[in-house]
Amino acid sequence: MSDLLSLLGLGAAGLSAQHTGVAVASNNAANVNTLGYSRQRVDLRAELAAPLVGGVRSLAPDRYQDLMLASRERDAAGSLGSAGAQAPALLDLEARIDGAGESIDARVAALWAGLERVSAMPTDSLLRDAAIAAAKNLADGMAERAAAIAAARADADARIRDHTAQASAIAQELATLNTQITIDGDPVLRDRRDLAAKQLAELIGGSGRVDPDGRLRWVLPDGGVLVDGNHAASLEATPDPATGFRRVELVDGRSRRDVTTSLVGGRLAGEITFRDGDAATAAADLDQLAFDLTTSVNAVHQANAGLDGVSGRPLFTPLAAAAGAATAIAVDPALIADPDRLATAAAGAGPGDNRGALALLALRDQRVASGGTQTLSDAAIDLVGSLGRRAHDAQAETDRATIISDHLGDLRDALSGVDLDEEMSNLVKFQHGAEAMTRFLSTVDGMLGDLLNRL
Amino acid sequence: MRITAHHLLERSAGHIGAAQTDIAKLSDQVSSGIKVRHASDDPVAWIQARREQVRAAISQGRGDAIGLGSDQLAETERALGTIGGVLSEARQIAVQAANANYVAGDRAKLELQVAGLFSVALASANSRNAAGEYVLAGAQGLVAPFDAAGVFVGDASRRDLEAGEGASASATLSGSALTSAVAGGVDVLPALGRLVTALGANDVPSIQAAIDELDAAHEQVSQARGEVGSMMAVFQDADAFRVELEHSLVGRIASLTEVDIIDAATDLAQRTQALEASQAVNGRLATLLSPGRR
Numbered sequence: 008m009s010d011l012l013s014l015l016g017l018g019a020a021g022l023s024a025q026h027t028g029v030a031v032a033s034n035n036a037a038n039v040n041t042l043g044y045s046r047q048r049v050d051l052r053a054e055l056a057a058p059l060v061g062g063v064r065s066l067a068p069d070r071y072q073d074l075m076l077a078s079r080e081r082d083a084a085g086s087l088g089s090a091g092a093q094a095p096a097l098l099d100l101e102a103r104i105d106g107a108g109e110s111i112d113a114r115v116a117a118l119w120a121g122l123e124r125v126s127a128m129p130t131d132s133l134l135r136d137a138a139i140a141a142a143k144n145l146a147d148g149m150a151e152r153a154a155a156i157a158a159a160r161a162d163a164d165a166r167i168r169d170h171t172a173q174a175s176a177i178a179q180e181l182a183t184l185n186t187q188i189t190i191d192g193d194p195v196l197r198d199r200r201d202l203a204a205k206q207l208a209e210l211i212g213g214s215g216r217v218d219p220d221g222r223l224r225w226v227l228p229d230g231g232v233l234v235d236g237n238h239a240a241s242l243e244a245t246p247d248p249a250t251g252f253r254r255v256e257l258v259d260g261r262s263r264r265d266v267t268t269s270l271v272g273g274r275l276a277g278e279i280t281f282r283d284g285d286a287a288t289a290a291a292d293l294d295q296l297a298f299d300l301t302t303s304v305n306a307v308h309q310a311n312a313g314l315d316g317v318s319g320r321p322l323f324t325p326l327a328a329a330a331g332a333a334t335a336i337a338v339d340p341a342l343i344a345d346p347d348r349l350a351t352a353a354a355g356a357g358p359g360d361n362r363g364a365l366a367l368l369a370l371r372d373q374r375v376a377s378g379g380t381q382t383l384s385d386a387a388i389d390l391v392g393s394l395g396r397r398a399h400d401a402q403a404e405t406d407r408a409t410i411i412s413d414h415l416g417d418l419r420d421a422l423s424g425v426d427l428d429e430e431m432s433n434l435v436k437f438q439h440g441a442e443a444m445t446r447f448l449s450t451v452d453g454m455l456g457d458l459l460n461r462l
Numbered sequence: 007m008r009i010t011a012h013h014l015l016e017r018s019a020g021h022i023g024a025a026q027t028d029i030a031k032l033s034d035q036v037s038s039g040i041k042v043r044h045a046s047d048d049p050v051a052w053i054q055a056r057r058e059q060v061r062a063a064i065s066q067g068r069g070d071a072i073g074l075g076s077d078q079l080a081e082t083e084r085a086l087g088t089i090g091g092v093l094s095e096a097r098q099i100a101v102q103a104a105n106a107n108y109v110a111g112d113r114a115k116l117e118l119q120v121a122g123l124f125s126v127a128l129a130s131a132n133s134r135n136a137a138g139e140y141v142l143a144g145a146q147g148l149v150a151p152f153d154a155a156g157v158f159v160g161d162a163s164r165r166d167l168e169a170g171e172g173a174s175a176s177a178t179l180s181g182s183a184l185t186s187a188v189a190g191g192v193d194v195l196p197a198l199g200r201l202v203t204a205l206g207a208n209d210v211p212s213i214q215a216a217i218d219e220l221d222a223a224h225e226q227v228s229q230a231r232g233e234v235g236s237m238m239a240v241f242q243d244a245d246a247f248r249v250e251l252e253h254s255l256v257g258r259i260a261s262l263t264e265v266d267i268i269d270a271a272t273d274l275a276q277r278t279q280a281l282e283a284s285q286a287v288n289g290r291l292a293t294l295l296s297p298g299r300r
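Chains as they are written, first to last, in the working numbering: chain S, 8 to 462; chain V, 7 to 300.
Since the hints were made in silico from the structure, they are not lab data.
Treat the hints with caution; some may be incorrect.
Derived CB-CB ranges, DEER-like [what the hints assert, rightly or not]: (1) 246/V to 345/S: 20 to 28 Å; (2) 457/S to 289/V: 26 to 34 Å; (3) 64/S to 289/V: 26 to 34 Å; (4) 29/V to 345/S: 29 to 37 Å; (5) 210/V to 136/S: 53 to 61 Å; (6) 109/S to 126/V: 46 to 54 Å.
C-beta: ideal position from N, C-alpha, C; glycine also.
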């Protein structure tokens, strides 16, 4: 009698195990399209058969996972985030600088062409007006580009602010999930944490490591800890009066540390690299070009004379330093008001002399830009060319990171992805197991009934 | 490797997306004819093309300058031609006036005729270009280079222009070429003036002396015209070379930035086939993996 009752217990446990299998397979199928979901498995454990009755027991469902793969995915997400942030920002800046209106190099060429025409007929007021208009057009173009670069940097700055806020929210979510995971072992919580960690990596880079206590710890490249167990620090974008842009600070209680330059990987680092690297370089190059143009042209212009025979006057308003030159560059207002001041003649020569114009024209072929290494035209071309090269490289890096990310995604899917055919098979398998156990219980129940009837 | 149905569908969709991106890019290239629009498309080609575009723009400016210089020389040549013609005519009158049969009244009539010629020569010597600049004034282009007596008051400087990349040539001739500043030369217009005076004074020896002087002046003007002609030829050659250079630059820019239509069309056909294949595979997968068939 007692053995038959044990068999009933075995049947009940077996039926429960098969039902768990059905539930897990159904849950897997239901989450076939859920982002970050890892398929789960039911772990059936055979009970010891001594002295007579064994049976089966289902352990808590577990998920298919590979911690190393998850770590590589986070690294790849960081690389993809960085390149993915830089490429569109660079392409946008390239379009702002070279896509709208006449390019800077074309305006430089137009100035040379205007001076060349004036050199043929220095006293022609129309040609003088046109040459001065070309110089003004060039100065205006530089100022427009300087504004465009500043706008692109401001846009990046706003994105940095958004990313830091988003990263802080995810860090808090990770800390909360760490706490929940220690209380509840549901694999779905780990899936959510993996997904959040990947999103954080894509945003700010850094590295996540699961400690022996099962809690994920997030460390920034400079060693700063963003998430530690159930505690999360935060990232804040704080305005920096020195630069006019925001710096990124790791804030933990009263501790506050600037991590702007130490971030590597992630969209945040990509935006910072763009704002403080590529775009800042473009702004500095444009300033230098404006300064080189102003100083070299003015030096020649001042050495020569206008139609009135007076020399020593500038063509562009003199600039004190390269910083901000592209914004400040302008044709001397007195020259605009009186085109006769355009120094087309050599000092002491008559108004029909064109040696001043030729001397200005000679600047065209002289390496007066970029510290004496480039002509002004080449520097103007190189300004956009360098940006284009960086955008091209960033796009290639994005493609490369995407391939790696896709590959790791394939590996993850191979391990953790849900396959409906497989789940349907499992469903049928556990359904058959449950049917068998139901029949087994029915048989044992019959046996018990017979026994009881004969008593 | 374990491949899930979900993964198969996602990969298939990814292939379709990639093929569509390729087709969009190629379609854009085929329809616009441009393959390098931005520096990021092909930085090396873009930079080279921009350098050539700058050269082309500068060359166009140079072309305009050469045109203006040539106009200036043409104006100079026209003025010298007129002066040369005047001198020839004046010499004939001088020969006529030197005839012993002529009386004072005859020479007085000829004086009026030569005075008129002098005015024509002086006006020509003080010719201006389209901008109002005196063509023979040297660097003093805003002031008439010859005074009422035909004395040169300009300067001897010439204006050089760029004739090509790294080359220059004179584009003006100073009125000093019509003065005794030229080796063995005479003051051309004053010589004409002296003939007028001699005719008025009925001074036959001076008239005879003027004939030799007019011969020398005519020769001097002819030499100046020859020099101007040489300058014009230099600019004509320079302009022809410049036009050739611009054609070459246009071709080079096109080869750097424009699409090879045959290659692009072939690529487009291949990518279109790839897209169709991807779509077919995707459709087949969708059918194969649909829940109804499981």
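Okay, the hints, checked on the actual structure:
1. 246/V to 345/S: 20 to 28 Å: For residue 246/V and residue 345/S the Cβ distance comes to about 39 Å; the hint is violated.
2. 457/S to 289/V: 26 to 34 Å: Given a distance of about 60 Å, which is not inside 26 to 34 Å, the answer is violated.
3. 64/S to 289/V: 26 to 34 Å: violated (46 Å)
4. 29/V to 345/S: 29 to 37 Å: Between residue 29/V and residue 345/S, where Cβ atoms are some 58 Å apart, the hint is violated.
5. 210/V to 136/S: 53 to 61 Å: holds (58 Å)
6. 109/S to 126/V: 46 to 54 Å: holds (49 Å)
Hint compliance for this structure: hints 1, 2, 3, 4 are not met, and every other hint is.
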